[in-house]
Amino acid sequence: MKKVKVRRTILSISSIVLFFGVWWLITNGLNIYAPTTLPSPIKVFTTLIDKITNPNPDGATLIEHIVVSFKTMMIAWIWGAVVGIPLGMMMSWLKPIDLFVRPLFDLIRPIPGLAWIPVFITLLGIGETSRIAVLFIASLIGNILNSYAGIRQTKAVHFWVGQTFGATDAQLFFTVALPSSLPMVMTGLRVTMGSCWMCIVAAEMLAANRGLGYMIQQARGTFRPDIIIVGMIVIGLIGTILNFFLTKIENYVVRGRRQ
Amino acid sequence: MRKFHSTKPMERLVWAIIAIACLMIAWYIGATKSELGIFPSPIEVLKRLLRAFSEPIGTMTIQMHILYSLSRVAVGVTLGSISGIVLGLFMGMNDDINAFVSPLFYIVRPIPTVAWIPLSIMWFGLGETTKYFLIFISSFTGCTIQAFSGVKSVDQTLIGAAKMLGASDFRVFHTIILPSCVPDICLGIQAALSSGWATVVAAEMVRSSEGVGWLIVAGQNNLDMEQILVGIVVIGCVGAVITTIASIIESRLCRWNNRSGV
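Residue numbers (the numbering used here), protein chains in the order written: chain R, 155 to 413; chain H, 3 to 264.
Bound-form chain H, shown alone (with noise of 0.2 Å):
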């Protein structure tokens, strides 16, 4: 019978470490034999990100660059999402609003977040606020369609069996429309937080005078292979770990959510 390999999870394991061997031997195979002199070897990355911890890159160390960053996006993603959310259940619970708001919302969504950079520095300068400002952007967006349309998938006849027993209409939203639009939003939120990562790298990598995007754009600047590396690696192991975060928080909820919904 075919079947999706259903493989242990110790035999994935052996393979994985097999497969980053592998990859680290021809790296570092190709690094040292290499004419090309500029690319370093895996030890060699390494040696200098366990280095970046005490010794600092530029003016900090490695550890306060990545603070800079996820405090930008931390604020820009809070910011982005709450507004984001709070616009997209008023658009989906009320069709005027909606009417109003949306030949405005289709105008600025396909701009991607990258291209109001240029603007945004003109409007706001080279300091926080335009980090802020991009970060917002990027999640604004995508948490209003998630709850405009987490809004649009709520059961009718609920909200109508509430109605009918006397429910007002706060007690509809804040029983029925809010908790089955929790899977939505924390999709929205989930996307706001990859995507204000992706967005601090890039707004960093333009201008900036810290925080991971610097750092790789310095190494960049200077023909520094190592540093570039190291700030390649943080920015996925932050990445990764932003992502687990989100997903086990999401699933915390919305296990919640299911049971209160059965």
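Chain R with its partners taken away, still in its complex shape (with noise of 0.2 Å):
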């Protein structure tokens, strides 16, 4: 058994040594590709430690570009959920508003966020305002849908019970509804932050003059694919940094899930 587990962490090491060694190889090493289409790893390792303090060729430092679009991101994603929770779980408790605002929400549920980047350019410009509106949709409809899914899946039986004891309305909604609904609310939050992740990067990529988004399409311009790797990189860290936090935190809330 333990030789197995030994053989398997082997496998591992060597699959990462391989894939570093085989990009080595086929560009410092062998040269088959020129550094303007696939740079080594040693050439992205170093424009990394570079690019934290050298403001060229975009005109801002890898920090200055991250904390744009995770402010951003931020801003828009607090919005969405702060309005998205309460009406989803409005549509899912209350009929006339499940009635008349259902329809309008499955309108634009289809429609992907990145869609209403033009609407908004268009109507608000390409400043900050109109990418916070995009990542705002994309995070009000996620947080909607999970949260109006949260509130119908509490049991039957559990209002029932509530019942017999006499609970009025408001109490079944926020001592029985509420909880229960809170794992798919976190999970909800968690994956509208990935959306809004993805988002921040397609609308920079479109409209912007700073941020990472922005970094990577401008160093398409300029040629500069270390520079594209390194922001690809600094993005998937990030969209994993926040993957884990908010994991950790929706163990924390929804600690009873598990009797």
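Certain hints may be false.
[To be verified] With the C-beta cut set under 8 Å, the calculated list includes, among others, these residues of chain R facing chain H:
(1) L165
(2) F174
(3) L184
(4) I186
(5) P189
(6) P257
(7) L261
(8) V273
(9) V355
(10) N363
(11) I370
(12) I383
(13) G385
(14) G393
Since the hints were derived computationally from the structure, they do not count as laboratory data.
We put the CB at the ideal spot given by N, CA and C, even for glycine.
With the hints in hand, could you dock these two chains into one complex?
Spelled out as structure tokens, the structure:
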């Protein structure tokens, strides 16, 4: 049993070594790919270190780009959650709102968040407001979906118990439905965080003068694939870190889930 | 007794019509009365949409734009989901393969598809290959994970029983493992289709000369709000149709699966 584990670890390590080895070999080693097509891993690493303090060629350091993207994303994500979660819950709980809002919601739901970019750029210009608006919609839709489903999946038995003991409608909502919807709500927050992070990259690629999306889009114009790869690594890394923290928070908030 | 509204379909439909009518009226009033002058009324958008079926926008009519985008999605999702499912099945069945592939997989997976756009344009130019590659990436990872977790959740007693009765590995695979993965794989393909549709819009928005993504970006460049809204309506409708078809196919396939599983 222990032997198998050792073999698996060796396999995992060798695959990463092989990956970087082949990457180095086809770039620096054998010069199959020119640095303007595929830079070597060493070049990418030095660019990463250099870009942290160097504002060239796109006018801002890596840190500044990260801060801009992150700030825009957080503002829009939080607003989407603040509006979306109560709205989704009300849609689920109150029949008139469900009947009236749900059709409108179903109307905009199939439209990917990115498709709103041109609308808001035309209406609000290429400033930060239009990017926030796009991300807000992406966050809003996901949060509504999940909080709606969260309230809906409350067990009927729990309502019956509540009613047997004479709970009012408000008590049923706050003490029965709301807590049982939390796992779904938290999943919604995590999922929308991911989609907002994706949308901010796309939005910055189309119209911005700062941010990670802008950085990689500019790097294409100046034939700097090393910066593009640095950008992709940073984007992926931040996405992973955000996901990690939200999973931690989720596990803490809904720790009652595990009986 | 507290119950979730068990509304009759008729009542729902009536309310849906009322709600959408209210939205349209508000939109109409907002568009005609507003000082902005840039926002078209719903009637203008509808007229423009109908006209677009016979009159070309850019170089082609709207149905050709849709077909272009759909064909890109079809090629990319087919390649991505097939290779993703195959990889996921192998990773699920053989732990050595899993140990070898998963580190690389977890390096690549967190990078959102849109972040691949600049690099793929550098590698593959501005042609179709770039779009196929992007849609491939958007569908590949999801399908791999679904197929993998499908294999991992197969009932081990079934496999044990079959093996005890002398079934070969191949037979175990195609009579037990594969059928019980169908629901998971279906979920993966559904997700691949909707993310593929979103990706084609993004890819066409960044660089393209046809397709629905081009439609809305060209509208933005000409400050033509009508064209943007026509594009959005089309993107939403096609997206909804794709999701509906995929879920119908899924319910068919999984009904068969449930019946044979019992």
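Here's how the hints hold up against the structure:
| no. | hint | result |
| --- | --- | --- |
| 1 | L165 | holds (4 Å) |
| 2 | F174 | violated (10 Å) |
| 3 | L184 | violated (18 Å) |
| 4 | I186 | violated (13 Å) |
| 5 | P189 | violated (12 Å) |
| 6 | P257 | holds (4 Å) |
| 7 | L261 | holds (7 Å) |
| 8 | V273 | holds (6 Å) |
| 9 | V355 | holds (5 Å) |
| 10 | N363 | violated (16 Å) |
| 11 | I370 | holds (5 Å) |
| 12 | I383 | holds (7 Å) |
| 13 | G385 | holds (7 Å) |
| 14 | G393 | holds (5 Å) |
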